[in-house]
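Can you build the whole structure from these sequences, using the hints too?
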Amino acid sequence: MTIPNMITVARLLAVPVFAWALLEGRLSAAFFIFLAAGLSDAVDGYLARRWDQHSAFGAWLDPIADKLLMASAYGLLGFLGVLPAWLVLLVIGRDVLIVAAVAAARLQGKALETKPILVSKANTAAQVFLVVLVLADLAFAFAADHVVWAVILVAAALTILSGAAYFNIWMRRMRGVTAP
Numbered sequence: 006m007t008i009p010n011m012i013t014v015a016r017l018l019a020v021p022v023f024a025w026a027l028l029e030g031r032l033s034a035a036f037f038i039f040l041a042a043g044l045s046d047a048v049d050g051y052l053a054r055r056w057d058q059h060s061a062f063g064a065w066l067d068p069i070a071d072k073l074l075m076a077s078a079y080g081l082l083g084f085l086g087v088l089p090a091w092l093v094l095l096v097i098g099r100d101v102l103i104v105a106a107v108a109a110a111r112l113q114g115k116a117l118e119t120k121p122i123l124v125s126k127a128n129t130a131a132q133v134f135l136v137v138l139v140l141a142d143l144a145f146a147f148a149a150d151h152v153v154w155a156v157i158l159v160a161a162a163l164t165i166l167s168g169a170a171y172f173n174i175w176m177r178r179m180r181g182v183t184a185p
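Be aware that the sequence shown starts at 6, since it is given in the numbering used here, and climbs by one per residue.
A couple of the hints might just be wrong.
What the hints assert, rightly or not - Simulated pairs of lysine-lysine, DSS-like, Cα-Cα distance not exceeding 25 Å:
1) Lys-72 to Lys-120
2) Lys-72 to Lys-115
3) Lys-72 to Lys-126
By construction, these hints were calculated from the structure, which means they are not laboratory data.
Please read these numbers as outputs of a predicted model, since none were measured by experiment.
Printed below as a string of structure tokens:
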């Protein structure tokens, strides 16, 4: 197993530990676990590129680890009443629709390349930043309510734009159009 894959597995194993810490009110621990897990995604991607250690296993597991971490963070922060339910549904719903679209395309023999697009990268950055900001506010009480709401609106807008962009790509590929 490559080092990037080991980092991805560690991120996957961090998800239940993060959830436990958050639900038990160990907010500083939840903050640092999420922060480390988020940073590990960048590190394993960098190492995979730097050392040319791409693998089918890593390509399969990395997005699963990312989706589980983000879905658990948004789901639990929504359950705890920290994030609005509409945002939780928007974030998780977008990911569910993307996975469903990829599955539908594969069932029809039209495999989709799932490379992230620019708006999706911005969306991921905003979503991760929002969770880090909210957890930091919970753990260290620096009263960032106005900033949190601004980031919520940015994350919501980017989630919608990213979902629409992927839907457009999916529709074009399903019609047989290969150019972006």
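So, going through the hints one by one against the coordinates:
{"no.": "1", "hint": "Lys-72 to Lys-120", "verdict": "holds (15 Å)"}
{"no.": "2", "hint": "Lys-72 to Lys-115", "verdict": "holds (23 Å)"}
{"no.": "3", "hint": "Lys-72 to Lys-126", "verdict": "holds (14 Å)"}
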